[in-house]
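**Student:** Protein chains in written order, with the working numbering: chain A, 11 to 253; chain B, 11 to 253.
By construction, these hints were calculated from the structure, which means they are not laboratory data. Hints may contain errors.
Because identical chains share one entry, a pair is satisfied inside a single copy or across any pair of copies.
[Unchecked claim] Under the rule of at most 25 Å between Cα atoms (straight-line distance), these lysine to any residue pairs were calculated in the SDA-like manner:
1) K226 with I252
2) K226 with N191
3) K231 with E45
4) K56 with V82
5) K111 with G204
6) K232 with F170
7) K200 with L251
8) K232 with S168
9) K199 with T228
10) K70 with S237
11) K155 with L49
12) K27 with F46
13) K226 with G138
14) K232 with V109
15) K26 with T92
16) K231 with V110
17) K200 with I252
18) K231 with Y196
19) K26 with M90
20) K199 with A176
21) K41 with S237
22) K155 with E52
23) K232 with S103
24) K106 with N234
Bear in mind the structure is a predicted one, so any value in this text is a computation, not a measurement.
Number of protein chains: 2
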Amino acid sequence: MLSKKEIKDIQSLGHKKNRDELGCFLAEGPKMVAEFIQLLPESIVKIYAVQEWIRENESKLKQLPVQEISPVELVRLSQMQTPHQVLCILKQSDHKEPVVKDAFSIYLDAIQDPGNLGTIIRIADWFGINQVICTPGCADCYNPKVVQASMASIARVSVFYDEAAAWLKSQTEVVYAAVLNGKPLYDFKKATSGILLIGNESRGISNELLKLATEKLTIPKKGNAESLNAAVATGIILSHLIA
Amino acid sequence: MLSKKEIKDIQSLGHKKNRDELGCFLAEGPKMVAEFIQLLPESIVKIYAVQEWIRENESKLKQLPVQEISPVELVRLSQMQTPHQVLCILKQSDHKEPVVKDAFSIYLDAIQDPGNLGTIIRIADWFGINQVICTPGCADCYNPKVVQASMASIARVSVFYDEAAAWLKSQTEVVYAAVLNGKPLYDFKKATSGILLIGNESRGISNELLKLATEKLTIPKKGNAESLNAAVATGIILSHLIA
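Chain A with its partners taken away, still in its complex shape (with noise of 0.2 Å):
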C-alpha cells in the first residue's frame, strides 16, 4: 500500500512547479510505459502498476523498480480521466541545448495548448525530426497532455525551450514561417534541412520571430475556415517539405 506522502509526491508531478523541482515527470498507459521501458529504461524512477500488469510485463522489467498498486491507488494516482493499468514516474532530461546539424527542426512560438504540442512532438517524430524548440511561451513538455498526446514520442524527439530566441539568432539554416499570406507551400522545393516556424494558436509568430524569417509560408486555402489547427498545419507543411 501506498503512503499519503507518497500519493501526495505523485499527484504533485501535474504542476509544474514540483515538476521542475524535482526533474521528474508522468506517463501513463501501457503502450506509453512499454516505449519508455524499451527506449529510456536509464529514465524511469519507477512504475506503479496494477497486478495484473505486472504480471504479463514481468519478462521485460529485469532490475526496474516496480510497485504493485491497487486499481483503486491507481485513480487516485492517475492525471487521465480513464487510468489504464500502469503510470511511471520518469527523469526529465538534461539536454541543454538542441544540436543537431544539417537536420530539420521545428520552432514553436508560444503553442499554448497541451494538445498541440504534444501533438506537433509526435509530427515530429513521423516525419524523422529530432528536436523540436520551444519559445518559453509554450506548454511545458512535461505536462502529462503534452506527454499522453505525444503518443510516447516525447522519449525519441528532444525538446528544448529557447530563451529571448538566442538559439534561433545564431543559425543560419533557412528559417520557414508559417504565415497566412505567404508564398504557397507547393511552390517551394523538397529540402533535407532547415526550421519550420509555427507561431501560437491565436496570434500567429511574433513579430520579433517573424524577422528571422527567410523564407514565408501559406497553405493554400480552397474554402473558408480562417486558419488550420497549428498542430494540423504542422503536418502538411512537412509532408510537402521534408524530402
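Given the structure of chain A, go ahead and fit chain B onto it with the hints provided.
**Tutor:** Only chain B this time, still in chain A's reference frame:
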C-alpha cells in the same frame, strides 16, 4: 436576471440526450457567435451576452433575440473553462442525408475524440469540403468541444450520421481509405471528387468499411512514431489529394 430553470436548461445542453430532445446546441465566444450571426442567423434561438459585448455588437444584432447576463451568470452557463462574453443557443441543422455530388467528402469511422472531430470539420472547411459523414460511433457533432474545435466551421460544413454505412454503400465515387500499409500518398494524382475514409484513433478503419474502399493510401513515414493523429492525417492527405 436568469431564472434557475433557464440556467438549468442551458447547462443541460452539455449533454447529448438533452441536445437531441431540444434539437439545439451551444456555441461560445465572440468569434464563434459572430460567425453564426453572419452565416446562419436563422438558426439562432437566443444569445446570452454581457453588457460590453452587446454594446459592441448592437449594429449586427438587428432582430436577433439577445439577453444581457452578468459575468457571474456567464460562468454558470458556460461549458468552457474560461468563458468569453457571449454564448448562444442554436437550432441543429435538419439535413437528412449527404447530397453533394461530384465533390470531395470526408467519411469518419468512430472518431471518438471531440477535439479531433471538430478539428476535422475545420480542415474540411479550409479545403472547401462541404460535408463530413460520420458513423454512429463518432462523437456528437453538437458536443460543445466539437463546436469549439471546429472554430465555427460547423456553421459551414454539414455533418451527417450514416446508419449501418447505408450511404457509403450506395456511392460510386472513389473511396480513399487512410491505412498504415497502403500505397504511398505521394503516388496518388490530385482529384476533384471522392470520399476520404478516416478510421478510429486507435483501431483504424473497421473491416466492414475497409471492404468498401477502392484505394488504400498511406502517408510515408520517415521516423519512428507509430501513427499520426487522425485530424493531422486528414489534413496531410487532403492537402495532397485535392485538386
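**Student:** For every hint, state whether the structure bears it out.
**Tutor:** Structure-based check of all given hints:
no., hint, verdict
1, K226 with I252, "both (16 Å within a copy, 22 Å between copies)"
2, K226 with N191, "within (8 Å within a copy, 34 Å between copies)"
3, K231 with E45, "between (38 Å within a copy, 18 Å between copies)"
4, K56 with V82, "within (18 Å within a copy, 44 Å between copies)"
5, K111 with G204, "within (9 Å within a copy, 41 Å between copies)"
6, K232 with F170, "between (35 Å within a copy, 22 Å between copies)"
7, K200 with L251, "both (5 Å within a copy, 18 Å between copies)"
8, K232 with S168, "between (35 Å within a copy, 17 Å between copies)"
9, K199 with T228, "both (14 Å within a copy, 22 Å between copies)"
10, K70 with S237, "between (45 Å within a copy, 23 Å between copies)"
11, K155 with L49, "within (20 Å within a copy, 34 Å between copies)"
12, K27 with F46, "within (23 Å within a copy, 41 Å between copies)"
13, K226 with G138, "both (23 Å within a copy, 23 Å between copies)"
14, K232 with V109, "between (38 Å within a copy, 20 Å between copies)"
15, K26 with T92, "both (22 Å within a copy, 20 Å between copies)"
16, K231 with V110, "between (33 Å within a copy, 20 Å between copies)"
17, K200 with I252, "both (5 Å within a copy, 19 Å between copies)"
18, K231 with Y196, "both (12 Å within a copy, 20 Å between copies)"
19, K26 with M90, "both (16 Å within a copy, 23 Å between copies)"
20, K199 with A176, "neither (28 Å within a copy, 43 Å between copies)"
21, K41 with S237, "between (33 Å within a copy, 13 Å between copies)"
22, K155 with E52, "within (23 Å within a copy, 38 Å between copies)"
23, K232 with S103, "between (42 Å within a copy, 24 Å between copies)"
24, K106 with N234, "between (43 Å within a copy, 23 Å between copies)"
Hint compliance for this structure: hint 20 is the single one not met.
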